[in-house]
Amino acid sequence: MRRSNYLVPTLKETPADATASSHRLMLRAGLIKMLSAGIYSYLPSGYNSMKKAMEIIREEMDLIDGQELLLPCLTPLEIWDETGRSVEYGDDMFKLKDRRGHACCLAPTHEEIICSIARNQIRSWRDLPQTWFQIQTKFRDEPRPRGGVLRMRQFLMKDSYSLDRDEDGLDVNYQKHRAAYQRIFQRCGLDYFIVGAYSGLMGGSASEEFMYESQSGEDEVARCEACGYAANIEVATSNVDPVSDGDSMTLTEVETPNQRTVEEVSAYLKIPINRLVKTLIYMGPTGLVMALVSGEDELSEAKLTAIVGGPVRPALSDEVFQCMGADIGFLGPHGDHNLPIYADLKFQEKKGLVTGANRNGYHVTGLEFERDFQPDEYVDLRKVKADESCPVCGKILRIARSIELGHIFKLGTKYSEAMGAKFLDENGIEKPIVMGSYGIGVERILAAAIEGSEDENGIRWNSALTPFDAIVIPLNTSDIKVVKQAENIYNELYLSGFEIMIDDRDARPGVKMKDADLTGIPVHIVVSQRNLDKDLVEVKNRWTGERSYVKLEEVIDVVEDILEACTPEIK
RNA sequence: CGGGGUGUGGCGCAGCCCGGUAGCGCACCUGCUUUGGGAGCAGGGGGUCGCUGGUUCAAAUCCAGUCACCCCGACCA
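Take the first sequence: its position 487, counting from 1, is numbered 965 in this note's numbering, and each next residue is one higher.
Accuracy of the hints is not assured; some may be wrong.
Distance windows between CB atoms, simulated [as the list claims (entries may be wrong)]:
#1 E491 with E965: 24 to 34 Å
#2 R1008 with A1043: 18 to 28 Å
#3 D669 with D903: 36 to 46 Å
#4 D1039 with V565: 54 to 64 Å
#5 R622 with D854: 34 to 44 Å
#6 S683 with K748: 39 to 49 Å
#7 L552 with P621: 17 to 27 Å
#8 Y525 with Q800: 14 to 24 Å
#9 E566 with D644: 21 to 31 Å
#10 L794 with L541: 31 to 41 Å
#11 L541 with P987: 42 to 52 Å
#12 R738 with L541: 53 to 63 Å
#13 L549 with D1039: 36 to 46 Å
#14 I517 with D1011: 43 to 53 Å
Hint data in this document are derived by calculation from the structure and do not stem from the laboratory.
Glycine residues also receive a C-beta, built at the ideal position from the N, C-alpha and C atoms.
Please work from the sequences and hints to get the whole structure.
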């Protein structure tokens, strides 16, 4: 490829509104161009890298007998009504109407489409198992796209779906995918880690995320350096001390005008924050529920979701008042309401606590669990905080921001039952297909690879993802000898099968070198008069910055060595 | 959706407070010089200042509305 006519609009100056380092570098290195919030064009070299990531994915999927297919983006809305996800996804779904007024949407994912194929094609246990996968554009109208390519409204996702006869089959497929994903991320050179996760909208029993630690990430993960325990903050646990047992006191109302927040009440009553009980009301799948956590803790909505068995949202202020007779800020678990009460484990049979009085402007002191009210269940509801102790080994937990690269789910029969995707087993009994789904954010692979390798001069691609293996830089394009020799090297490398760029622009040496550094091509071959006189060219290793001067006939070997050195290892 | 911020040539910005018809750096075009870390000189092209309305003799500048984009938050009682 000739740089003089290649679309790589590199930027000397940093674009103003990019903050994530991968976003800045992708713009500066001319990999992407924004069209609209969360919508990007991939320019040729960016797309080159993306194709490499996709090829790695395809190779590894092939090894576990995955069958690649291509599914529609434009889908009739009814199919999402069958599973209820047209409602669950809500405004995150791009909806439109066709010319006849028929409701459609742009697919945010493809479980429903897969099921619609399976229910027609899979009849017998002999047809199973199946692994179908796709790499294609998905659409989600994210409330807040951010970080360039990290959260987009239109993005490339590799999604794989397994179909099995039973849970055992699902286990096998799940483990195969898990192993394949490990190889994929290793081959991409990413220092990933796996965490236990929250299944969210997807439903299902088990799920794990493949994470990459980065300041630009949106997820928080509790990590233990000592034993390797790692879990998404939504589901992480820790060893925590229970609330200390106070003295038994009479339940007493105290006036707390306009003191709503835990901080306000704690300061006003001069009571430590951990003696307060936060009384939270949520709307669950079967109505309102009450959740109690310590004043110093935060509720994990994911944990509550798992406990009540369906999606939750904070109750609206009207709903709260109608049920409790008081406003948010003055609520307590005692008194007459008929809500199920879930209390955090920290509270088991505790007394002498403070909470709202269910009367605006008042709180109560001396609250005693079991005496003043009876929780339905003591469960883990709180979010883990940094520096708490690891539930596995007891060492200190760290909270790390991370990019979610991939997420694997055991879906079970949620979709197959809803959509009637069934088969006959060996005994002639009709059963729903047992499914798994396994996603990878293709753009996030690039973003993570860039963030993990950059230096002050720009990107440093490894050999697996680089858009070009090497770049030949004739320093002075008005020197015929230099140009001729550079062209020779370019042709020779090209014919040897390398993906090669030549910077044939009539530009100053500094411009070409800075650009080569910024775009991160691993090998730079600098052809100049002064070295040519000695029959040498300079070869620079972008990773180490090391320069060597090699004979013309040795260039290919040296290029190979450098590429070899920056090829990610597979463990 | 709540809060904050920004919209002026391809990119980065100044001008706005205090209205008088748009400027700087980079990039681009032409010529000459230059050629090992984002060159120098000379000449040149490109913007109805996000959009709509209003005030005014006059609006990038003041007022109102609207759109777009960025950042933080989105339950925290």
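Structure-based check of each hint:
no., hint, result
1, E491 with E965: 24 to 34 Å, "holds, 32 Å"
2, R1008 with A1043: 18 to 28 Å, "holds, 27 Å"
3, D669 with D903: 36 to 46 Å, "holds, 43 Å"
4, D1039 with V565: 54 to 64 Å, "holds, 57 Å"
5, R622 with D854: 34 to 44 Å, "holds, 36 Å"
6, S683 with K748: 39 to 49 Å, "holds, 47 Å"
7, L552 with P621: 17 to 27 Å, "holds, 23 Å"
8, Y525 with Q800: 14 to 24 Å, "violated, 55 Å"
9, E566 with D644: 21 to 31 Å, "holds, 27 Å"
10, L794 with L541: 31 to 41 Å, "violated, 51 Å"
11, L541 with P987: 42 to 52 Å, "holds, 45 Å"
12, R738 with L541: 53 to 63 Å, "holds, 58 Å"
13, L549 with D1039: 36 to 46 Å, "holds, 43 Å"
14, I517 with D1011: 43 to 53 Å, "holds, 52 Å"
Hints 8 and 10 from the list above are not met by this structure, while the remaining hints are.
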